[in-house]
Structures are given as C-alpha cells and as structure tokens.
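Colleague: Start from the sequences and build out the full structure, keeping to the hints where you can.
There are 2 protein chains.
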Amino acid sequence: METISVDMDGVLADVYSQFIKMHAAESGETLILENLEGLAEFEAFKHGPKHVRTDDFFRTASVMAKSQEILKKLNERYKVFIVSSATEFPKSLTEKQSWLNEHFPFITWQQMVFCGSKEIIKADIMIDDHFKNLDHFDGRTILFTQPHNKLNHNHKHQRVDSWEEIEKLLLS
Amino acid sequence: METISVDMDGVLADVYSQFIKMHAAESGETLILENLEGLAEFEAFKHGPKHVRTDDFFRTASVMAKSQEILKKLNERYKVFIVSSATEFPKSLTEKQSWLNEHFPFITWQQMVFCGSKEIIKADIMIDDHFKNLDHFDGRTILFTQPHNKLNHNHKHQRVDSWEEIEKLLLS
Chain C
118 METISVDMDG
128 VLADVYSQFI
138 KMHAAESGET
148 LILENLEGLA
158 EFEAFKHGPK
168 HVRTDDFFRT
178 ASVMAKSQEI
188 LKKLNERYKV
198 FIVSSATEFP
208 KSLTEKQSWL
218 NEHFPFITWQ
228 QMVFCGSKEI
238 IKADIMIDDH
248 FKNLDHFDGR
258 TILFTQPHNK
268 LNHNHKHQRV
278 DSWEEIEKLL
288 LS
Chain X
118 METISVDMDG
128 VLADVYSQFI
138 KMHAAESGET
148 LILENLEGLA
158 EFEAFKHGPK
168 HVRTDDFFRT
178 ASVMAKSQEI
188 LKKLNERYKV
198 FIVSSATEFP
208 KSLTEKQSWL
218 NEHFPFITWQ
228 QMVFCGSKEI
238 IKADIMIDDH
248 FKNLDHFDGR
258 TILFTQPHNK
268 LNHNHKHQRV
278 DSWEEIEKLL
288 LS
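Listed in order, the protein sequences are those of chains C and X.
Using this note's numbering, the first residue of the first sequence is number 118, and each one after it goes up by one.
Using this note's numbering, the first residue of the second sequence is number 118, and each one after it goes up by one.
Do not rely on the hints blindly, as some may be mistaken.
The list makes no distinction among identical chains, and a pair is therefore deemed to hold if it is satisfied within one copy or across any two copies.
What the hints assert, rightly or not - Straight-line Cα separation of at most 35 Å, DSBU-like style, residue types lysine-lysine; simulated pairs: (1) 183 / 239; (2) 163 / 190; (3) 249 / 163; (4) 285 / 167; (5) 208 / 196; (6) 285 / 273; (7) 196 / 163; (8) 267 / 138; (9) 196 / 183.
Derived from the structure by calculation, the hints contain no laboratory data.
The structure presented is a predicted model; accordingly, all values stated were derived computationally and were not measured.
Modeller: Pasting the structure below:
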C-alpha cells in the first residue's frame with residue numbers, strides 16, 4: 118500500500134480565509150485573494166506573524182472544500198499520514214490535533230505527524246502547498262495551488278487546484 | 118551530513134524514574150528496576166496508562182545521564198532530529214516541546230517531530246528503545262537499553278547501555 122504525506126495548512130485547512138478574516142477584524146480592510154497571488158503568506162498578511170500565534174487560529178480554521186470526503190476515500194486506498202509544520206508555533210500542536218479529530222475523525226493519532234521541517238519524512242507521495250517541503254522529497258510530489266505559489270511556473274511538481282483534482286489523480 | 122532520529126522517552130527522558138515515583142505516591146510500593154526487566158512498560162506499571170495522562174508527567178521527567186552534553190556534540194557533527202511518539206497523549210505535545218526547550222536549548226523547533234508511528238521517518242541512523250520503531254527503519258539502528266527491552270536478545274539492532282556508549286559509537 119502506497120504511503121501519502123498530506124499537509125494541513127493550505128491543503129486541508131483554509132488558512133487564507135482565516136488570515137483574511139483576522140486582517141479585516143484588525144484593520145477594517147478586506148483583502149482580495151487575487152491581489153495576494155505571488156506573495157509569501159507573511160508578505161500578503163502583515164499581521165500574519167501575530168495572528169498565527171493567536172489562540173484558536175488553527176483550531177477554528179475552515180476545512181478545504183471536498184477534503185473530508187476525498188481524504189476519507191484516500192484513507193481506504195493508501196496509507197495516509199497528516200504531516201504538519203507545527204513546532205514553530207507551540208500552541209498550534211494541540212489545536213491542530215483537536216481540529217483533525219473534529220473534522221477528520223477517521224484519521225487516528227498514529228497517522229498524525231507534527232514537525233518543524235519535512236526533510237525527515239519518508240513516503241511515496243507528498244501533497245503540499247509549499248515548494249520548500251516538496252523540493253527535497255524523494256517521491257511523487259503534488260503541489261496544491263494557493264495564492265503564494267500560484268505564479269511559480271516551475272513544473273517540477275504536479276499542480277492541482279482542488280481536492281477534486283486530487284481525487285482524479287489518485288483515485289481513478 | 119548524516120541524519121539521526123533520536124527518541125525522547127527512554128532515551129533522553131527517564132520515564133522509568135517518573136513511573137516509579139508516581140507508582141510509589143499512589144500505592145506506597147517502591148518498585149525495583151531489576152524486577153521490571155522483560156516486562157512491557159504497562160505490565161511493569163499497572164497505573165501507567167493513568168499516570169502517563171497526568172499533567173506534567175512528561176514535563177517533569179528527569180534527563181538521562183550524560184544525554185545533554187553528548188547530544189550537543191552529536192548536534193555539531195550530525196543533522197539531529199528528536200522524534201517522539203506523542204500524539205497518543207495530546208497533552209504531552211506541548212509538555213514535550215517545553216521539556217526539550219528547557220533541557221536541550223540547542224535543539225531548534227525545526228529539529229522536533231511529534232508523531233504517532235515512526236514508519237514515516239527517513240534518516241540514516243535511529244536511536245530508540247523500542248523494537249517496534251527500529252524494526253521497520255531502513256538505516257542503521259541503535260537500541261538503547263531499558264528494562265522492557267533488556268531480555269530481548271535479538272541482535273538485529275546494535276545495543277547501547279548508556280549515552281557514553283553512543284558517544285563512543287558515533288563520535289570517536
């Protein structure tokens with residue numbers, strides 16, 4: 118059975134919506150996704166470093182469209198691990214685990230990995246929105262489109278724009 | 118630079134002393150290490166499943182003798198990752214990170230991995246006290262002696278009894 122490493126932020130968890138909501142609450146300004154393309158997350162969200170350290174930032178993030186039903190199917194056909202960069206923000210550790218337990222109850226504690234760097238991850242397939250994670254991975258790499266990576270046309274990773282595309286790629 | 122995956126419980130953190138202390142506080146009985154050889158941890162410590170879920174169990178564990186100075190030297194010669202099974206006990210996540218920050222301040226958040234299974238770990242060397250972690254690892258395996266593994270004379274992993282032996286093996 119092939120092993121898949123699935124990222125959380127920007128793949129399962131909609132952190133852009135969370136940043137936009139908190140930015141609006143703080144500054145009164147509603148940022149538009151299209152205007153954030155090509156910007157790193159903390160270039161797009163100047164209060165990001167503070168907001169990401171706020172209680173419940175990760176705990177209350179929305180779930181990416183279709184990720185629940187499609188990850189459930191992947192979980193039947195592959196050995197799935199949820200691998201999330203989390204140790205930079207210590208409070209996020211238990212928030213992320215609670216969030217997974219709530220929204221992806223079929224993912225067991227054995228399938229969760231909270232790390233700093235993904236250099237140490239061994240799997241057959243990695244789904245992630247960050248080049249820095251995919252670039253040093255040995256196996257098949259799938260880049261999940263997010264505004265920060267949208268203008269990077271480097272083709273070394275297979276790009277998907279949605280969970281439906283992951284379904285087509287890995288389940289048909 | 119070679120990569121090492123270093124376990125926490127039973128390698129950096131002295132969980133046996135912690136279990137013995139809590140067992141004595143609960144039952145008045147002082148368990149002797151020699152009598153626990155060959156027993157799985159929760160066979161040795163019948164209150165273990167409760168104690169391990171107690172606040173501060175991981176946070177206040179003692180540090181294994183010589184582990185601080187020798188890990189510091191390893192950290193200069195190797196790419197070190199601390200890889201700890203933690204997601205089974207969600208409260209342990211932040212406790213373990215705080216404990217590492219206190220006792221091993223030279224280990225950065227990028228070097229920490231909190232997981233359930235170690236199947237997903239890629240490294241050149243793994244130091245661990247559990248066969249279940251070492252058995253499916255691809256690289257060089259070093260078994261750190263603890264009472265639960267002491268009577269297992271299977272020689273597929275190189276056994277060390279102390280951090281001084283790790284130093285001899287990897288730093289001389």
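Colleague: For each hint, tell me whether it holds in the structure or not.
Modeller: Taking the hints in turn, this is what the structure says about them:
| no. | hint | verdict |
| --- | --- | --- |
| 1 | 183 / 239 | both (26 Å within a copy, 30 Å between copies) |
| 2 | 163 / 190 | neither (37 Å within a copy, 39 Å between copies) |
| 3 | 249 / 163 | within (21 Å within a copy, 45 Å between copies) |
| 4 | 285 / 167 | neither (37 Å within a copy, 45 Å between copies) |
| 5 | 208 / 196 | both (28 Å within a copy, 26 Å between copies) |
| 6 | 285 / 273 | within (19 Å within a copy, 42 Å between copies) |
| 7 | 196 / 163 | between (38 Å within a copy, 33 Å between copies) |
| 8 | 267 / 138 | within (21 Å within a copy, 55 Å between copies) |
| 9 | 196 / 183 | within (19 Å within a copy, 38 Å between copies) |
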